[in-house]
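**Q** For reference, the chains in residue letters:
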Amino acid sequence: MAKSIKIVLAGEGGQGVQAVAEIIAEAANEEGREALYIPNFGVEQRGGVSVAFVQISDEPIGSPKFETGDIVVALSDRAIYRTKQYVGPQTTFVYDSGIEGINGALPRNAAKVVGIPAIEVAKNELHPRVFNIIIMGAVVGATGVISKEEAETAIEKKLGYKFEKQPDLRDLNFKAIQRGIELVSKVS
Amino acid sequence: MTIQPAMPKSWRADTKPHKFCPGCGHGLVLKALGQAIDELGIQDRAVFGCDIGCSLLSWDFFNVDTVQTHHGRTNPVITGLKRANPDLIGIAYMGDGGGYAIGAQHLVSAATRNERITAILVNNTQYGMTGGQMAPTTLPGQKTETTPYGRDIEQTGHPTQGPEMVAAITKEGAYVARGTVANLRQLKNFIKKALQNQIEGNGFSFVEVLSTCPTNWRTNAKETWHFVENEMTQYFKIGEIKAPDSKGPEEGQTNG
Amino acid sequence: MPSKPIQDEKRVFMTGNEVVAWAALAARADIMYGYPITPQNEIMHYWTRLAPKHDKKFLQTEDELSAGFTTIGGVLAGFKAFTATAGPGNTLMQEPMSMAEMMRLPTVVVVQQRGGPSTATVIYSQQEVMLTTFGGNGEGLRIVYSTANHQELFDYTIKAFNSAWKYRFPTFVLGDGYQAKMREPLTIYDPLDKNIELVKPEPYVGKPGTPAIDRPPTQLRNTFSMEEELFEALQEIIGDYEKVAPEIAEYQSFGTEDADLVIIAHGVVSRAARLAVKEMQENGLKVGYFRPITLRPMPVKEIQEIASRVKRFLVVESAYGQLARLLKEAAYRSTAEMVPLYKPGVGVTAEEVVKKAKEILS
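Residue numbers (my numbering), protein chains in the order written: chain P, 1 to 188; chain D, 1 to 256; chain B, 1 to 362.
Heads up, a few of these hints could be off.
Here are the simulated BS3-like cross-link-like pairs (lysine-lysine), alpha carbons at most 30 angstroms apart as the crow flies [as the list claims (entries may be wrong)]:
(1) P/K165 - P/K175
(2) B/K278 - P/K3
(3) B/K286 - P/K3
(4) P/K84 - B/K356
(5) P/K3 - B/K355
(6) D/K171 - B/K166
(7) B/K355 - P/K84
(8) P/K3 - B/K358
(9) P/K84 - B/K358
(10) P/K3 - B/K356
(11) B/K57 - P/K3
(12) P/K157 - B/K53
(13) B/K53 - P/K158
(14) D/K16 - B/K207
By construction, these hints were calculated from the structure, which means they are not laboratory data.
Sequences are here, hints too, so could you generate the full structure?
**A** Structure representation (structure tokens):
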């Protein structure tokens with residue numbers, strides 16, 4: 001099978017998983033790689049768990065959805081249950097260590113299960129609004145699908161118009177990327 | 001050499017005599033429409049759409065571009081045409097089944113959107129082409145093939161008040177009237193106003209026409225005229241119901 | 001005519017629904033009629049944002065019957081008119097499209113297949129193949145392009161308008177919910193810059209002049225009094241269809257020459273089939289790939305040819321044998337076995353195809 005990286009991101013509405021998926025896929029596309037992003041969009045999206053599927057490859061991409069992710073990120077208790085089906089022996093499973101009452105719910109068949117305090121870092125260290133950028137950093141750190149610089153370029157492209165008015169925001173976002181990368185590298 | 005009866009200029013002579021049953025009201029409605037087209041001088045830009053049911057027999061009736069559509073779907077075809085090319089004068093011609101039953105959603109929606117088309121609906125109180133079944137307009141107690149003991153309004157509802165409904169859901173600019181084949185001069189006048197209203201781009205124009213079906217009514221000439229003039233008018237009031245320059249519902253003249 | 005909708009060729013990263021809207025603009029479509037249904041809604045959303053800037057029109061109708069019949073009205077008036085639908089909306093769409101079939105009206109319909117039967121899912125399937133190819137009461141006299149990726153969605157939406165107006169048969173672009181909602185790269189362009197001719201529309205009704213004075217009236221009907229009249233009319237339409245079918249039919253194929261097994265899929269599933277075949281070939285397996293791009297007309301000659309020498313096919317689809325039915329008809333007389341991999345309403349991955357193929361070959 002052509003080597004590609006498959007990413008599943010899942011969370012509650014408002015956690016920004018779709019935006020992260022789109023930015024990563026778009027960044028890879030900018031680098032001239034094959035990229036495909038598809039959200040779940042069943043009737044469950046009204047009040048359900050938001051799931052994003054991303055594939056990045058050097059070869060043409062096959063089916064838009066896939067059975068097993070190389071990295072599966074779950075950002076809420078419901079997301080943990082919802083994404084178990086995408087976890088296999090090669091999967092790195094990343095979840096937020098601040099989620100309560102999930103003992104025993106974490107997948108046991110993953111290659112690695114990584115808890116990161118992204119919610120806490122966002123709240124106490126940076127700003128809640130960059131929570132999803134920390135997650136993006138974590139995905140970048142765990143997969144290497146794009147470099148940190150490419151991630152920054154992608155964010156600049158997406159939010160540059162806001163940075164014009166509030167230059168502090170740029171630093172905040174770039175810090176969030178850096179912290180995300182650190183969070184996964186620390187535990188791996 | 002036979003002498004041809006006078007017919008509107010916009011009629012297509014080589015398809016006459018037409019294909020409607022003896023005593024059918026369609027020919028009269030189409031005569032009034034033909035005269036209106038002639039008087040307005042719109043034969044070159046009128047597009048005539050006819051429905052399924054007896055109205056489909058008019059697909060080659062005029063020397064006017066014509067499209068025969070599906071049952072109930074003439075309003076959307078003419079709407080689509082008019083939206084794409086507002087210079088055309090779109091005429092949607094249908095029966096009571098097409099307008100009030102299978103195509104009711106299209107009539108309602110064309111009216112609410114105030115589509116700049118002219119819809120002419122022939123009310124003969126039953127489905128003629130399919131052999132005389134109950135229509136939304138069948139009178140209480142009237143016998144049809146599917147109400148052999150007479151229409152029971154408890155079971156099947158009251159005769160649809162089409163123009164009144166259209167008047168209620170249209171905004172200013174709409175033209176709504178009910179005419180009858182028993183008063184052709186008035187009918188032509190209503191149809192002409194309905195077309196003029198479209199030409200001026202005011203809004204949706206709708207004319208219901210009380211018409212005859214001796215074949216399925218199983219009536220002789222006298223009974224036929226009695227039914228259309230005296231029985232139908234008990235439920236369906238003749239006159240202009242809404243006109244752009246009128247302030248409210250207008251009492252029309254009664255027929256005769 | 002306003003300036004061209006796509007100035008320069010450019011690589012973009014967008015959803016399939018957005019691609020369709022851009023392609024319709026690039027094809028110089030004049031008017032869209034539509035009714036909301038997932039997963040095609042964003043075609044309307046993008047069209048209604050783009051259209052006014054390019055002097056194009058839109059009408060939101062009361063249902064898909066109306067969307068189809070107003071599209072017919074637009075075509076009759078001589079404009080490139082289109083609509084988009086899915087699932088239960090496609091069911092309703094079949095009524096107007098049967099009229100288009102009978103009257104040779106070049107309507108364009110984009111179908112983003114969702115799960116069925118009934119309301120099922122708003123997500124994805126390939127279960128609208130029979131409906132789109134042979135729906136309505138009629139003979140399937142239509143053109144259906146099944147796309148597999150965003151580049152094709154763009155290219156074939158443009159092509160659909162051309163084929164429709166060239167051959168005068170209702171034309172469909174058969175996508176699906178995945179293609180509708182996913183984002184992937186493609187290159188959008190103005191077809192005129194690539195010397196792709198755009199077939200000009202022309203009015204059926206309302207042509208210049210007064211009927212019967214300057215020209216005969218146009219009088220179109222789909223109802224006939226006598227069986228013989230209908231038969232005669234149909235002989236002509238069917239004859240025309242048969243004549244142009246070979247030049248309309250399109251397919252993709254590789255590695256079928258000495259294959260022990262040929263994998264057949266269409267649309268988005270063909271992506272997985274293609275990857276699977278490539279991988280198995282790299283591992284020395286004699287596996288071939290065939291994909292009809294047009295599902296109506298089918299590339300009959302090529303299917304016959306392959307079916308005459310290949311013993312086994314693996315038919316892969318997100319439906320319960322709808323593609324297989326078309327293939328069996330096309331491959332008539334062949335004794336080739338058609339092994340199913342049917343996954344109605346869900347996607348199929350390359351891994352699944354490889355697994356099934358290896359089972360068959362072992």
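**Q** The structure should be examined with respect to each hint, and the outcome stated for every one.
**A** We went through each hint and held it up to the structure:
This hinted pair checks out: P/K165 and P/K175 have alpha carbons roughly 18 angstroms apart, not beyond 30 angstroms. Distance hint between B/K278 and P/K3 is fulfilled; the C-alpha atoms sit about 13 angstroms from each other, no more than 30 angstroms. For the hint pairing B/K286 with P/K3, the CA-to-CA distance comes to about 22 angstroms; that is within 30 angstroms, so the pair holds. This hinted pair checks out: P/K84 and B/K356 have alpha carbons roughly 24 angstroms apart, not beyond 30 angstroms.
Between the alpha carbons of P/K3 and B/K355 the distance comes to roughly 18 angstroms, so the proposed pair stays at or under 30 angstroms and holds. Annotation: proposed proximity of D/K171 to B/K166 is violated, straight-line Cα distance about 42 angstroms (limit 30 angstroms). Annotation: proposed proximity of B/K355 to P/K84 holds, straight-line Cα distance about 22 angstroms (limit 30 angstroms). Proximity of P/K3 to B/K358 is assessed by CA-CA distance (about 20 angstroms); at most 30 angstroms being required, the pair is judged to hold.
The suggested pairing of P/K84 with B/K358 holds, with an alpha-carbon distance near 28 angstroms, which does not exceed 30 angstroms. For the hint linking P/K3 to B/K356, the alpha-carbon distance of about 21 angstroms falls within 30 angstroms, and the restraint holds. A C-alpha spacing of about 45 angstroms is found between B/K57 and P/K3, which places the hinted pair above 30 angstroms, so the restraint is violated. Pair hint P/K157 plus B/K53 holds up; C-alpha atoms about 25 angstroms apart against a cutoff of 30 angstroms.
In summary, the hint linking B/K53 to P/K158 is supported, as the alpha carbons are separated by about 24 angstroms, within the 30 angstroms threshold. Taking the CA atoms of D/K16 and B/K207, the gap is about 24 angstroms. The hint holds against a cut of 30 angstroms.
Of the numbered hints listed earlier, those contradicted by the structure are 6 and 11.
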